[in-house]
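Enquirer: Sequence:
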Amino acid sequence: MLRLGLLVDNTAKQKALAQLVAQAGHKVGLSWVLDGSAQPDKDTTLDAWLVDIAEESHDDQLLDDLFAQSRIPIILSDSSEFRTGSEEHNAWLRRTGMRLQRLRSDINLQQSTPASELWLLAASTGGPAAVKRFLAELPANLGMAFLYIQHIDAQQAVTLNRMMSNAGHYPAMVATQGLVLAANSLTLITARDPVELLDNGTLMLNYGQQWKGSYAPSIDQVAANAARIYRERCNLIIFTGMGDDGAASCRLIKQVGGKVWAQSPSDCTSDSMPVSALATGCVSLTGTPEYLARALVQTRQTTNHN
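At position 40 of the sequence shown (counting the first as 1) the number is 40 in this note's numbering, and the numbers step up by one without a gap.
Because the hints were derived from the structure by calculation, they are not lab data.
It should be emphasised that the depicted structure is a prediction, and the values quoted were computed from it without experimental measurement.
Take the hints with a grain of salt, since some may be wrong.
[Said to hold, decoys possible] Derived DSS-like pairs (lysine-lysine); straight-line CA-CA distance at most 25 Å: (1) Lys132 with Lys259; (2) Lys15 with Lys27; (3) Lys254 with Lys212.
[Said to hold, decoys possible] Pairwise CB distance ranges, derived in the manner of DEER restraints: (4) Ala54 with Pro139: 56 to 66 Å; (5) Thr299 with Ala136: 15 to 25 Å; (6) Asp106 with Gln255: 37 to 47 Å; (7) Ser70 with Leu198: 36 to 46 Å; (8) Thr269 with Arg83: 41 to 51 Å; (9) Gln110 with Arg251: 53 to 63 Å; (10) Phe82 with Arg3: 40 to 50 Å; (11) Phe67 with His89: 19 to 29 Å; (12) Gln301 with Thr269: 22 to 32 Å; (13) Thr84 with Pro265: 37 to 47 Å.
Every residue gets a Cβ at the ideal spot worked out from N, C-alpha and C, and that includes glycine.
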């Protein structure tokens, strides 16, 4: 949760922005209404400023001082030109809300760089054991990001996270707002909130919304999003599972130039997902989780030598 400072020129704006901040999952740490009173003490624990003041409500020196002294992001706007309740004002509220949702991403990107290559690990029934075998075979510091999409109840996320963190060299993290898909990271996607990959290599959680289609989380939904962002640097491994989630993703990822692999059906607890993937004709490699892990290492080494 981020702590934001509000700088406004009337209490109506103060109330509206405070609601937007709360809806984005953040907290107001300082609120300053320009009414001739003295400037409040700077709160060093603020993560960003949200400024909404009309042109005639301030002198330029005030904002110059704020920009000069602040080392945190400043979101600057003026909603005064829009009539409250109008479509224009509602559109401004939506835009500002989106900027607040992306704020965590912007701050995280100052501290971490997105990985240049992404591997999607997709599984359902029997998936945790299979993916754990895969991760246990991988050496440290391969330099890629792993995004693990597992059909599982949201209540089991903590258990799954602990299981994957103990699997190998890649500590697991459940997807959070603004998380950077950094090199050597393992991120878990659960059923709780739909996750969107942004073009800057970070995640945005769409709180209160539902996953599209019959599965939660939806492998096809995440993979389509990832393929659009990462193109040929997005790859997919289909592990054991019931149903056909991920089959459509195989075609899409092959189309953009990524690799599509699958666990051997004979090695699966439930072979429906790998069989559906193989039926697309897009899978270029099959094997046990250990075999696929070794193949990934070899592929990485070949890429680094070229």
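Enquirer: Next, verify each hint and record whether it holds.
Expert: A quick look at each hint next to the structure:
In summary, the hint linking Lys132 to Lys259 is supported, as the alpha carbons are separated by about 21 Å, within the 25 Å threshold. Using a Cα cut-off of 25 Å, the hinted pair Lys15 and Lys27 holds, with the two alpha carbons roughly 13 Å apart. Taken as a hint, the Lys254 and Lys212 pair is honoured in the structure, with Cα atoms around 22 Å apart against an allowance of 25 Å. At roughly 58 Å, the beta carbons of Ala54 and Pro139 sit within the given window of 56 to 66 Å.
At roughly 18 Å, the beta-carbon separation of Thr299 and Ala136 lies within the given 15 to 25 Å, and the hint holds. For the pair Asp106 and Gln255, the supplied restraint of 37 to 47 Å is violated, since their beta-carbon distance comes to about 31 Å. Roughly 24 Å separates the CB atoms of Ser70 and Leu198, a value that falls outside the hinted 36 to 46 Å. Hint check: Thr269 to Arg83, Cβ distance near 59 Å, so the stated range 41 to 51 Å is violated.
Gln110 and Arg251 have their C-beta atoms about 37 Å apart, which leaves the hinted 53 to 63 Å range violated. The beta-carbon spacing between Phe82 and Arg3, approximately 27 Å, falls outside the hinted interval of 40 to 50 Å. Our hint of 19 to 29 Å for Phe67 and His89 holds, since their Cβ atoms are close to 26 Å apart. Gln301 and Thr269 have their C-beta atoms about 31 Å apart, which keeps the hinted 22 to 32 Å range intact.
Separation of Thr84 from Pro265 is about 60 Å and departs from the stated range, judged on CB atoms against 37 to 47 Å.
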